[in-house]
Every structure is written in structure tokens, then in C-alpha cells.
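**Q** Sequence:
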Amino acid sequence: MGWTPDQLSDLSDKTVVITGGNSGLGLEAAKILCGKGARVVITSRNEGKGRDAVSAVSAVAPRAKIELVLLDLADPESVATATASIASSCPTIDAVINNAGVMQTPLIRTKEGFELQIATNHLGHFRFDRALFPQVEAAGGRFVAVSSVAHKFGRIALDDLNSEKSYDPTVAYGQSKLANLMYAFELQRRLAARGAKATALAAHPGYSATNLQSAGVGMEGGSAMFRWLYKVSNAVLAQTATEGAYPLVLAAVDPSAKPGAYYGPTGFQQARGPVGESFVADRAKDEEVARKLWELTESLVGPFWTAS
1 MGWTPDQLSD
11 LSDKTVVITG
21 GNSGLGLEAA
31 KILCGKGARV
41 VITSRNEGKG
51 RDAVSAVSAV
61 APRAKIELVL
71 LDLADPESVA
81 TATASIASSC
91 PTIDAVINNA
101 GVMQTPLIRT
111 KEGFELQIAT
121 NHLGHFRFDR
131 ALFPQVEAAG
141 GRFVAVSSVA
151 HKFGRIALDD
161 LNSEKSYDPT
171 VAYGQSKLAN
181 LMYAFELQRR
191 LAARGAKATA
201 LAAHPGYSAT
211 NLQSAGVGME
221 GGSAMFRWLY
231 KVSNAVLAQT
241 ATEGAYPLVL
251 AAVDPSAKPG
261 AYYGPTGFQQ
271 ARGPVGESFV
281 ADRAKDEEVA
291 RKLWELTESL
301 VGPFWTAS
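Counting in this note's numbering, the sequence shown runs from 1 upward without gaps.
Do not take every clue at face value.
[Unchecked claim] Cut-off 30 Å, straight-line C-alpha distance, at most; resulting in silico cross-link-like pairs (DSS-like, lysine-lysine): (1) Lys152 - Lys165; (2) Lys165 - Lys111; (3) Lys197 - Lys285; (4) Lys292 - Lys111; (5) Lys285 - Lys152; (6) Lys152 - Lys292; (7) Lys49 - Lys36; (8) Lys49 - Lys65; (9) Lys258 - Lys36; (10) Lys65 - Lys36.
If you are wondering where the hints come from, they were derived from the structure by calculation, not from laboratory data.
From just these sequences and the hints, can you work out the full model?
**A** This is the structure we're talking about:
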């Protein structure tokens with residue numbers, strides 16, 4: 001029997017921050033958490049969509065403690081503004097769910113020159129977590145990196161993380177999802193080495209029907225073939241976004257969740273099925289590559305911890 005939110009007790013003493021909470025997995029996780037009494041802060045790049053999400057959560061959880069903060073993870077100024085706002089209103093944070101992401105976009109460079117998928121999915125969340133570490137540490141809370149079954153096909157190109165030598169949208173996406181998982185494992189090792197109260201975990205939604213699959217390929221220059229493929233596969237193969245959110249919620253707030261673990265569906269190819277500890281590809285366990293990825297990330301966006 002797999003894990004479900006029915007196993008959760010009252011969460012009225014918990015504060016959870018969810019990036020990309022305006023739709024899909026983030027929105028469904030917010031509904032579950034607010035339904036259990038948690039205070040939830042969601043982020044969204046678009047204010048209108050964010051406000052619609054707040055209304056959607058309030059519709060299913062009338063007493064929801066739900067707040068919206070605008071955030072574009074690919075923009076360092078937006079990350080700084082958003083985290084400052086969150087830190088000022090949330091002195092303690094029990095979990096940060098790094099859920100926001102983009103998938104298989106055409107080649108787009110941020111204003112810093114970073115490729116959009118690695119900038120949003122990995123570098124932006126590194127910055128976001130770094131800024132909120134004091135609040136998570138104060139609560140003995142958790143950082144939850146949302147990875148994907150796509151991590152199994154990813155490769156960390158330490159000599160071309162930013163896709164300057166070549167670019168393939170699917171390869172770049174796989175790299176970013178592998179980076180998410182390796183980041184969670186490396187962060188947990190570093191937290192443990194510091195004797196920190198905070199912990200890090202990872203989760204994935206299996207194959208869940210959300211707008212993630214269509215958003216990136218729907219951009220100008222995106223793949224028409226993938227647009228058609230995802231339309232069919234979402235209808236035939238995918239589980240619901242609500243089911244896909246279960247592992248995220250488990251990792252964030254369930255007392256049984258273990259530091260450094262990876263939660264998700266455990267059925268065929270980890271696409272769906274009972275939720276529990278999920279398969280981790282051997283490449284995600286490579287501690288030497290994880291260390292180098294961490295050091296490369298810090299060289300790009302600055303250190304996670306400043307010297308004291």
C-alpha cells in the first residue's frame with residue numbers, strides 16, 4: 001500500500017513554500033497542504049495566474065492560509081525580491097518545495113546568459129534555497145528538490161553546463177532534472193557535515209498530466225512533434241496532477257520521510273503506482289560529480305553559505 005495524504009495529521013503548525021504553485025503539481029500540493037491546515041506560500045511568475053491559484057485553493061479549503069509571492073527563478077533580482085518578502089513574513093519555514101520548472105524549451109538565454117532550463121530548474125532554486133536557509137534552519141525544516149524520471153537519461157556536462165557548445169532541448173532538460181536530484185543529495189551531505197538541523201530530500205511525480213509538458217514545446221520554436229506526442233500520452237498514460245503531488249507532500253511534511261531520500265511512484269518505470277522510496281539511477285549517486293556540480297554552481301551564482 002502506497003503513501004497518501006490521508007496519513008497526515010493536522011499541519012496547522014507548519015509553513016510550506018512552494019515554487020511554481022500556480023498550476024499543476026504545485027497547485028495540487030498547495031490544496032493538500034492547506035486542506036490539512038498548513039500555511040502555504042506559493043510563487044508564480046504571473047500575478048493573474050497566481051491569484052487564480054489562490055482562489056482555487058480557497059475553494060477547496062475555505063480556511064486556507066494561502067499567500068502569493070511573484071517569482072521568476074531565471075531572474076536573480078526577482079529571486080532576491082521574492083525571498084526577502086518571504087523571509088520577512090515567515091521567520092520559520094518547515095519546507096521549501098522546489099517545484100517550479102520549464103521543460104524542453106527552445107534555446108533561450110537569460111539576461112545573465114544562462115540557458116533557460118538550467119537557469120530556472122537548477123540555478124534559480126539554488127539561489128532561492130540559499131536565501132531562505134536561515135528560516136528553514138530555524139524550523140529544522142526541509143528542502144525538497146523536485147526531480148523527474150528524466151534524471152535517468154540525464155548527463156551533467158561539467159564542461160558545458162550552459163549548453164554553449166551545443167543545444168538539444170531534451171538533453172538540457174534531462175541534465176537539469178539530474179542536477180536537481182544530485183543537488184538534493186549533495187545538499188543533504190553538506191547540511192549533515194555542518195551539523196545543521198535542516199535536511200534535504202527529493203521527490204518526483206512520475207508521469208503526471210500537467211501543463212509542464214506543453215508549456216516549453218508550446219513556445220515559439222518549440223517542437224510540433226513533442227506537442228502532439230504529449231497531447232496523446234497525457235490522455236492515455238498519465239496519472240492526475242493530484243496523484244503526482246503526493247510524493248512532494250510526503251517529502252515536505254510527513255514525519256516518516258528520511259533525509260537524503262527520493263520519493264515517487266514505484267510502479268512500472270516509476271511512471272505511476274504506489275508512492276514510496278523511488279528508483280535512483282547510478283549516475284545520480286556519483287558523489288564526485290555532485291561535488292563538482294556544486295562547486296561549478298557556486299562559481300556561477302555565488303556560494304550557498306558565506307564564510308562566517
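**Q** Hints the structure violates: just list their numbers, smallest first.
**A** none
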